[in-house]
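Taken in sequence, the protein lines are chains S and A. Residues 20 to 503 in the numbering used here are what the first sequence spells out, letter by letter. Residues 33 to 329 in the numbering used here are what the second sequence spells out, letter by letter.
Hints listed in this document are in silico derivations from the structure and should not be mistaken for laboratory results. A hint or two may mislead.
[Claimed, not checked] Lysine-lysine pairs mimicking DSBU-like chemistry, simulated, CA-CA at most 35 angstroms apart:
no.	chain 1	residue 1	chain 2	residue 2
1	A	254	S	191
2	S	191	A	179
3	S	191	A	212
4	S	103	A	274
5	S	30	S	243
6	A	297	S	103
7	S	158	S	108
8	S	108	A	179
9	S	158	A	297
10	A	99	S	103
11	A	274	A	297
12	S	319	S	330
13	A	274	S	108
14	S	330	S	343
15	A	254	S	103
16	A	212	S	108
17	A	254	A	274
18	A	179	S	158
19	A	297	A	99
20	A	254	S	108
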Amino acid sequence: MNPLDLSFRHKIPLWGSVLVILTALAVSATLMFQTYNELEEDLVIDSDTLARALIPNLFSALLQGDVWWAYETVSTPQREWAGKELPNKAENIIVLDNDLRVFVSAQPRAVRIQTALRDIGPEYAAVTERIGSAGISDKSAFGVPGSSHLFIVRPIVREEQQLGHLVIVLTKASFMPRFFEIARYGVVAGAVILCILLPFNWYWGQRMALPLVQLAQRMRDIGKQLPEELDPALYSHRDELGSLFNTYNKMLTDLKAKEELERQVVQSDRLAALGQLAAGVAHEINNPLGGMLMAIDTLKNQGVADPRTAKTIALLERGLGQIKDTVGALLVEAKLKSRNLTPNDIEDVLVLILPQVRRKTLHLEWQSDIAGDVALPATLVRQVLINLLLNAVHAAAQQGQVSCHIRLVDGAMHIAVANDGKILTTEQMSHLFEPFSPLSDDGHGLGLWVSYQITRQLDGDITASRKAGRMHFDVRLPIGEGSA
Amino acid sequence: MLPIRNISSVRELARLALRIASLWIAGMLGLATALADPLPLRIGLTPIIAYDRVALTEDLRKYIESKLGRRVEFVRRDSYRQAIDLLAQDQLDCAWVSVYPYVYLQHHYNLRLLATPVYRGRPFFRGYLIVPAEDTATGSLLQLEGKVFAFADLYSFTGYLLPRYELHEAGKDAASFFAKTFFTRGHKRVVQAVASGLADGGYVDSYIWDTLAATEPQLAAKTRVVEMSALHGFPPLVAGRKMSSRDFADVRRILLEMSSDPEGKRLLGRLSLDGFVAGDPAWYAEAARMMRVMGDI
């Protein structure tokens, strides 16, 4: 698997860690390089200070050709260093005459006097070249390729009279123990910093990645189902990621609204079809039914001697009457001419409902804005209101609560009925307004169907919702122009 | 009343007081002069003894001072020539010098031999030719041709005259025989030069080398004695011209009695010497002969 395809949950912390480690290494390397250079520079400065201190004596010694004096001069620092591990310890101090021959050296066994410098060894041959070609006029510090030595060369000069050169031979390795000591501190400090930064980086990386990962998961799921909203607490900042969160949540809300709308359209289409079907069937039944009832009426008026026949006729009459009631209920006829709604109608409904309210010792919250005539058919509104209230009272628990608010807002009458009874499931809600509702324990289950049909015929709408543990039924009825 | 009222008496009284005052001042001055140290006895020291052993020479100075009952001053000089000059200019009462300066001073200024130290039972010493210890091949001075050679002092007997004489006898000239020569102004430094490898050889005083072998064995061990010269009179103490005969006798007596004095004996022990004898110029006749051969006197 390509490491670049890894989840952000791993990739961000990993990249962070790699960067942290690389930075630590780069900084350490720079510091160590710097330290090495500084140590070397210190060594050169120390040695040059020594050279400058030695030169006046060496000039006099050279002037007098006094080998012993020169030897004492160059060997004194060496004796001081004997047996000590000093970083500025010179390996040898050599005095050259103007012919680049060794006048004296602090280590006469290694570098014998009277030897030509170039004959001492290859690196000294290189030093000879350097002194010979460049004509060293002041301090010069240089290394020779392939050599572990540093050479500090200074002319032995007074009043522009040069008598030779002083060469201080340094071992680069002499400051290595000090360098390693400093480097060791550097490594420990680097490790401590990494110990702090790496977990922090890991935490931060995870923290960055988690919202992205969740967002990605939810986006993947959108095709199959509507995913949950993202927890805003997961990422509360207002940067690009935060705005992505907001956008996602807004998109999700829109999707949900769209789905709800589709569901409502489907439901209302179904209810409309059902209404047409029911009305059609009712009309088809009503016509023969009227004839049959008329015939039975005629038969009864003629008088029936045979008690058995009379009993049968009574049976038929009851059965047909029941059919008529049922069909009548299905056949909601809103176009019937009716008088306008008055406050008295509302009062009547209250009076009608109160006995049942008392029986269940419910708390009824009642409020009505209706003060005068309202241009709505009184009979139908009463029917809707009674249906809703009876349902609410029926659904409410013993000693429960039922509320009814009737308002006139924006040219429409709003009826809001709520109860604290059993909360319906989503499935139940979707079949709420269908005829012969299975929710109805008694009655024929046509109450909400009828209310729905009435509302629709009055160009209003009726909705059921669950809010704060209560079932709410809201009806909106636009008031006709013929308001009194 | 009192005669003091008389003017002439007053004047006399004043004159008397003045006289008393001047007498008193003179007396005080005289006393001061008497209390001040007489001129100290100045003794010159050269590298013939390890004069850089400050504690030892200081103890020796105090010893002589206490025996003499007079302040003693040691005048340390790095080169024999300076000691010779100081004696020639009467700036020293006496000096402990090498054989060469003694012969030189005796020849030119007729200076007297004050005392000769007794070393290992005899008032003699010799010269050692030394080479670095790792040089196991060299067996004689003549094998050091073309090498670097360290001399002690231009006026040193063992450290300069002996090798020169030996080469001269072999028909060589020291100036061209060696590739490089240099002076260290001291026998101990010759040992150091050879021990460090700075020089391939050097001639030193046997007394110095033997003492070093005891006091600084690690230094002496870096050198190897190749040749030993014949015996010569030990580097003596020489009396300057200005040394009074009383001082001469006192100092000689003190030196000669050192070996019988417990503290003197201890000091001699630290100097690796057995004592002092009056000395005989004849012990230095061979050295003088060599110097004549070399044209030095």
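*Which numbered hints are broken by the structure, listed smallest first?*
4, 6, 9, 10, 13, 17
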